[in-house]
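Turn these sequences into a full structure, and let the hints guide you.
So the mapping is simple: the numbering used here equals the position in the sequence shown, first residue as 1, plus 721.
If you're looking for bench data, these hints aren't it; they were derived computationally from the structure. Hints are supplied without guarantee of correctness; some may be wrong.
[To be verified] Label pairs and their calculated CB-CB ranges:
no., residue 1, residue 2, range
1, 756, 874, 20 to 26 Å
2, 789, 814, 27 to 33 Å
3, 865, 792, 46 to 52 Å
4, 858, 881, 24 to 30 Å
5, 806, 873, 39 to 45 Å
6, 874, 814, 24 to 30 Å
7, 895, 818, 32 to 38 Å
Quick caveat, the model's predicted, so the values are computed rather than measured. Glycine included, each C-beta is placed from N, C-alpha and C at the ideal position.
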Amino acid sequence: MASNAAVLMFGGVDTTEGMILNTVRHLLGDREALTAVRDRRDLLPNAIEESLRLEPAVASVDRYATRDVELADAHIQRGDLVVVSLAGANRDPAVFADPDRFDVYRANARLNVAFAHGSHYCLGARLARTETAIAIARLLDRLPGLHLDPRHPIAPRGLVFRKPPVLQVCWTAAH
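Below you can see the structure in the form of structure tokens.
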């Protein structure tokens, strides 16, 4: 019980923070996408999904094989640790055309596996999406002159949990 509570607590804070930071970074880093989402707020959920696809807050998950299996040229035995790259799956060119591009219009962005899949699907996915949508909408509404500080380029860090360590921005007040 304690370990499940720790997972929920950790997952509900650090990963949602990463999701928000990554989405802000993607939007502020792409003027056309930002303008599109500002002009058409109905694009915001898809922009969030696209950000999740391009840079999930959790890049990989550990699983243990429940049976022996051959996968390509690899033999995986029951009990073996298998590291699943959610980030890699989200950039599969067989699923996502031009997978390294942030595209708020991407029709299949929701096919991302940022929250895993099946019985391991994240229980907090809906809450994280809701929190992110509210945070981004408020940011866009209240700080329309917000942009990335070009003096401080940023990139997500972390092997498993991916987010910018800091997001330096500038704000130009409307006149």
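Check: Which numbered hints does this structure break?
Finding: Those not satisfied come down to hint 5.
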